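Enquirer: Letter by letter, the chains look like this.
There are 2 protein chains.
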Amino acid sequence: MADKLSEQALVAAVADSEWVTAGETLVLDREFADFASAWAFAEQVAALAETANHHPDILAHGWNKVRVTLSTHSAGGVTQLDVDLSRAIDALHGQ
Amino acid sequence: MADKLSEQALVAAVADSEWVTAGETLVLDREFADFASAWAFAEQVAALAETANHHPDILAHGWNKVRVTLSTHSAGGVTQLDVDLSRAIDALHGQ
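Each protein sequence line maps, in turn, to chains U and A.
Here the first sequence is numbered in numbering that gives the first Met the number 0, starting from 0 and rising by one per residue.
Here the second sequence is numbered in numbering that gives the first Met the number 0, starting from 0 and rising by one per residue.
What the hints contain is simulated information worked out from the structure, not anything from laboratory work.
Because the structure is a prediction, the values reported are computed rather than measured.
Even glycine gets a Cβ: it sits at the ideal position worked out from N, Cα and C.
A few of these clues could be false.
Sample of chain U residues with no beta-carbon within 12 Å of chain A, all distances over it, derived [as the list claims (entries may be wrong)]: (1) M0; (2) Q7; (3) A8; (4) A41; (5) A48; (6) E49; (7) A59; (8) G61; (9) T68; (10) R86; (11) D89.
In silico lysine-lysine, DSBU-like type, Cα no more than 30 Å apart, as pairs [to be verified]: (12) K3(A) - K64(U); (13) K64(A) - K64(U); (14) K3(U) - K3(A); (15) K64(A) - K3(A); (16) K3(U) - K64(U).
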């Protein structure tokens, strides 16, 4: 099972990324031109989550925004699983 | 533009439904067997939203749950647009 990352490892993991730490989670906020584009991104994140068998919270809100929240519930915080998924999301085509 | 519904109309609109009122919104919480089923529902809601050009907040969370939150921002509360979309969501095949 993945272990919760140290504060230091967490800071290093989000450095130079759009992700921020919020409590025991990693959070990404993205804004798009319209709902269709926002939802297309949400779908890509959901597909990656299924592939990784690791499921973030995905919120489509305000018609053009998406918030992705990553955490490993079994570890009570952010693990390497979350960092790996955050990087896969960052690598999505066109993001 | 759609007008905000009266408290009385709102109570009548959610009677005998899974929807609850929360502040100036209508909220539906659904739980599924797995992420794939939860996401399939979220996608159906998103498709209805695009068709209606009325966009609820859609949250996929806790790997198998979906929360849909309806409100009409321009009216500052729940309007007939929200009630109509809630009924379209209720009418989704297999729900």
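Enquirer: If a hint holds in the structure, say so; if it doesn't, say that too.
Expert: Taking the hints in turn, this is what the structure says about them:
no.	hint	in the structure
1	M0	holds (16 Å)
2	Q7	holds (28 Å)
3	A8	holds (24 Å)
4	A41	violated (8 Å)
5	A48	violated (7 Å)
6	E49	violated (6 Å)
7	A59	violated (5 Å)
8	G61	violated (7 Å)
9	T68	violated (8 Å)
10	R86	holds (20 Å)
11	D89	holds (20 Å)
12	K3(A) - K64(U)	holds (24 Å)
13	K64(A) - K64(U)	holds (20 Å)
14	K3(U) - K3(A)	violated (46 Å)
15	K64(A) - K3(A)	holds (29 Å)
16	K3(U) - K64(U)	holds (29 Å)
Hints 4, 5, 6, 7, 8, 9, 14 from the list above are not met by this structure, while the remaining hints are.
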